Amino acid sequence: MVTSMASIFQIEARAILEGLKLAWMRGFRQVEVESDNALLINTIRNNFATNSNTIERFCARARIKAAVAMVKFLKPNKAVIVLQGRYAGRKAVIVKSFDDGTRDRPYGHCLVAGIKKYPSKVILKDSAKKTAKKSRVKCFVKLVNYQHLMPTRYTLDVDLKDTVTVDALQTKDKKVATCKTIKQRLEERFKTGKNRWFFTKLRF
Amino acid sequence: MAAGKKTKKTHESINNRLALVMKSGKYTLGYKTVLKSLRSSKGKLIIISNNCPPLRKSEIEYYAMLCKVGVHHYNGNNNDLGTACGKYFRVSCLSIVDPGKTEF
Chain Z
1 MVTSMASIFQ
11 IEARAILEGL
21 KLAWMRGFRQ
31 VEVESDNALL
41 INTIRNNFAT
51 NSNTIERFCA
61 RARIKAAVAM
71 VKFLKPNKAV
81 IVLQGRYAGR
91 KAVIVKSFDD
101 GTRDRPYGHC
111 LVAGIKKYPS
121 KVILKDSAKK
131 TAKKSRVKCF
141 VKLVNYQHLM
151 PTRYTLDVDL
161 KDTVTVDALQ
171 TKDKKVATCK
181 TIKQRLEERF
191 KTGKNRWFFT
201 KLRF
Chain P
1 MAAGKKTKKT
11 HESINNRLAL
21 VMKSGKYTLG
31 YKTVLKSLRS
41 SKGKLIIISN
51 NCPPLRKSEI
61 EYYAMLCKVG
71 VHHYNGNNND
81 LGTACGKYFR
91 VSCLSIVDPG
101 KTEF
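Just so you know, the sequences run in chain order Z and P. The first sequence: position 72 = 72 (full-length UniProt numbering), numbered continuously. The second sequence: position 54 = 54 (full-length UniProt numbering), numbered continuously.
One or more hints might be untrue.
[Stated by the list, open to error] A partial selection of chain P residues facing chain Z, derived with a Cβ cut-off under 10 angstroms: (1) E12; (2) K32; (3) R39; (4) C52; (5) K57; (6) E61; (7) K68; (8) G70; (9) V71; (10) G86; (11) Y88; (12) K101.
Hints in this document: simulated from the structure, not taken from any laboratory. Here the structure is a predicted model, which is why all the values come from computation and not from measurement. We put the beta carbon where it would ideally sit given N, CA and C, even for glycine.
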C-alpha cells in the first residue's frame, strides 16, 4: 500500500524522527542514533546545511527531541502541602510560581491558595442546613518558598488565576476579598465530590 | 532504581563513571542541593547511599518520581559514596546535573 512518495533522504530523516519520538515517549533522554545514510548524518551533525526546507524541518525536529530536558512539576494547579509556618500541614494549590524569584524574594517561591480550615465530614443523616454548615472551607493565600512546600502527585484544576494575584496580598481588605472568592470556588468543588484527597485533613 | 544484587563488576563501573562525572561533569552533593536540582529540573540522575535515612530516601524518590528523574541506590554507605566522589567527607545523596563525558 503506497501512502506517500518522498526521497530516500526525507524518508530516513522521518525514520530518525519517529525513532527519537518513540525513545522520548519511553523516557530516554540521551540517545545514540545510528544510520546508514551518510548524507543524513552529515546534515544533522553540521547543523542542517541542507538543500530543502522539509528536510531541514525534519532534522531540526529530530535534533530538538534529542536534547535533554526534564519535567518541571512546580506548576500552577499542583497540589502541595505547606511545611512551615502557621499553615504547616495544610494542603494548598499553586496559583503562580516564580522560579527565579523577584527582587524582594530572590529565591524560588510561589503563590499558593490553601485551606485554613478543612470542611468536616458530611454524613447522609445530616439535614441540608447542617450539610451547608459542615461544607464550609476557610482559605488562605500566601507566598511560600519552594523549600517550605512538599509537592504531591495530585493536581487541583480550579481556576484561581484571575482573582489570586500578588497584589491581593498587599492590603488586608484585598486579601479578605480574595479569600472569599477562593472559598466560594473551593466550596463548590468540594460539593461536587471531586478532588477528595485535597479536602481531607492530613493527619500527622 | 536498584537492581537485585549488585555484582562487584558493575559496582566498580559505577565508581568509574562517578569519577568521570566528578572530573568532567557537573554535580551537586547533599540533600538540600539535590532537592533544589530536582525542583528546578536540572538533575539528571540522583544517587543515594544505602544508609540514608528512609524518610529522606523516600522524599528524594518522590521528588524524582514527580520530575521523572532516575534514582540510583548506591551499593555502599555515605562514607563510601564520598570516597567514590573523591571527597574527604561523607555524601549521602548527590545529583548529577551534567554528565560531561560519561554516557548513561
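Exercise. Taking each numbered hint in turn, which are not upheld by the structure, reported in ascending numerical order?
Worked result: 1, 4, 5, 6, 9, 10, 11 and 12
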